[in-house]
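Required output: the full structure, derived from the provided sequences and hints.
Sequence lines, in order, name chains Y and H. The first sequence begins at 61 in this note's numbering and counts up one residue at a time. The second sequence begins at 659 in this note's numbering and counts up one residue at a time.
Since the hints were made in silico from the structure, they are not lab data. Backbone N, C-alpha and C fix where the C-beta goes; we use that ideal spot for every residue, glycine too. Please note that a few of the clues may not be correct.
As the list claims (entries may be wrong) - Derived DEER-like restraints, expressed as beta-carbon distance ranges:
{"id": "1", "chain 1": "Y", "residue 1": "177", "chain 2": "H", "residue 2": "759", "range": "37 to 43 Å"}
{"id": "2", "chain 1": "H", "residue 1": "771", "chain 2": "Y", "residue 2": "178", "range": "18 to 24 Å"}
{"id": "3", "chain 1": "H", "residue 1": "701", "chain 2": "Y", "residue 2": "182", "range": "42 to 48 Å"}
{"id": "4", "chain 1": "H", "residue 1": "759", "chain 2": "Y", "residue 2": "88", "range": "52 to 58 Å"}
{"id": "5", "chain 1": "H", "residue 1": "759", "chain 2": "Y", "residue 2": "167", "range": "30 to 36 Å"}
{"id": "6", "chain 1": "H", "residue 1": "795", "chain 2": "Y", "residue 2": "142", "range": "43 to 49 Å"}
{"id": "7", "chain 1": "H", "residue 1": "755", "chain 2": "Y", "residue 2": "200", "range": "37 to 43 Å"}
{"id": "8", "chain 1": "Y", "residue 1": "144", "chain 2": "H", "residue 2": "849", "range": "19 to 25 Å"}
{"id": "9", "chain 1": "Y", "residue 1": "139", "chain 2": "H", "residue 2": "770", "range": "36 to 42 Å"}
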Amino acid sequence: MRFRIARALPWLLGGLCLGAGVHAGEADHIHVSQAWIRLLPGDLPAGAYATLENDGDQPASLKGASSTRYASVMLHQSSHEGGVNRMAMVDSMAIPAHGRAALAPGGYHLMLMQAAAPVKAGDTVKVMLHFGDGSTLDADFLARPANATDAGTGTEHTH
Amino acid sequence: MPDRSRLAATRRLVLAALAAAALAGCHASSQPWHATDVSGSTPDLSFDMTRASDGKTVTQADYRGRIVLLYFGYTYCPDICPMTLSHLAQALQQVKGAAGNVSVLFVTVDPARDDLKTLKDYAANFGPEFVGMRGTPDELATLAKRYRVAYSVHPDPDPAKYVVTHSSALYAFDRNGKARLLSTPDRSQDDLVHDLHLLLDPGVSA
Chain Y
61 MRFRIARALP WLLGGLCLGA GVHAGEADHI HVSQAWIRLL PGDLPAGAYA TLENDGDQPA
121 SLKGASSTRY ASVMLHQSSH EGGVNRMAMV DSMAIPAHGR AALAPGGYHL MLMQAAAPVK
181 AGDTVKVMLH FGDGSTLDAD FLARPANATD AGTGTEHTH
Chain H
659 MPDRSRLAAT RRLVLAALAA AALAGCHASS QPWHATDVSG STPDLSFDMT RASDGKTVTQ
719 ADYRGRIVLL YFGYTYCPDI CPMTLSHLAQ ALQQVKGAAG NVSVLFVTVD PARDDLKTLK
779 DYAANFGPEF VGMRGTPDEL ATLAKRYRVA YSVHPDPDPA KYVVTHSSAL YAFDRNGKAR
839 LLSTPDRSQD DLVHDLHLLL DPGVSA
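Next comes the structure, spelled out in structure tokens:
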């Protein structure tokens, strides 16, 4: 009996690995590009932006983010309904299967608060993106000055 | 035949509406501005506030002879405000003669949290034309009411829960302090550049 289980073990393990391959984490299918941070002076919060591309067959959702360089990172969404700007915390941003979603000025963005040490334009800031299934992905965000626009070349990093 | 007369009346109304629409269409096509023309319907520039760059109390008189763009926001705004101001800065760079002739007044709707130093540093990021303005709650309320600008501040010790909303209106005044245009951040940069050219043309703002 014991012998038989031992013989079956490699097959069982193999099956598990195959299963893990089929149900890979959301983060494995996300490619990050155009990741940049808009710095504001002093202790003011910064906005972070990136394009997230999902090459998987399943939709993914960005739940939030964290960074060792900032005490707090929140997923926010700006809106200007009826000519009034407001910014609110949101739970997630959907990234459709074989599609993309963007953290972009005027819409979804990450708000980075309380830098541990001053971040300067040109710095690269590592931000960990958290997805709905608990998987995570590190991405390098390029810090840019306050007057940067989305037309800039804050490129780099694909997973 | 009450039915027929009602029909005729309806037809006349429809014709009148079509004529009005046609006239409005002609008017719109001859309209030189890309943003909304508010000449005559919006009050002249008038304010009394502290200028962040030097701490001086200033009024509209200090900006006579300059094109003034008036925008409300707050410095803890990491997204829409800097996006709007950056687009404005880019537009200004494309307009010959804008430097030295245009001032962008960035009025904080959150004077309790935005001190003059922070406001000064914030505005300076976008160029010399950008000036931070801070009023007392009364001064702010007066200015906002004058231009029908809505804002709200819900302070909270937790910065994540501190919520500020503000109207995204951008007003343009000519060299005489007359209100001319109302724009919004979603308007294209080309529109802004186009209208700034017109505002700077003395033939238009005279």
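Verification of the supplied hints:
1. At about 40 Å, the CB distance of residue 177 of chain Y to residue 759 of chain H agrees with the hint of 37 to 43 Å.
2. Evaluation of the 18 to 24 Å hint for residue 771 of chain H and residue 178 of chain Y yields a pass: the beta carbon distance comes to about 20 Å.
3. For residue 701 of chain H and residue 182 of chain Y, the hinted distance range of 42 to 48 Å is satisfied, since their beta carbons lie about 45 Å from each other.
4. Distance hint check for residue 759 of chain H and residue 88 of chain Y: the Cβ-Cβ separation is about 55 Å, which falls inside the suggested range of 52 to 58 Å.
5. Distance hint check: the CB atoms of residue 759 of chain H and residue 167 of chain Y are about 33 Å apart, consistent with the given range 30 to 36 Å.
6. Under the hint 43 to 49 Å, the C-beta atoms of residue 795 of chain H and residue 142 of chain Y, about 24 Å apart, miss the expected range.
7. Checked against the given bound of 37 to 43 Å, the beta carbons of residue 755 of chain H and residue 200 of chain Y, roughly 41 Å apart, stay inside it.
8. Look at residue 144 of chain Y against residue 849 of chain H: about 21 Å separates their beta carbons, and that is inside 19 to 25 Å.
9. With their beta carbons about 24 Å apart, residue 139 of chain Y and residue 770 of chain H fall outside the hinted range of 36 to 42 Å.
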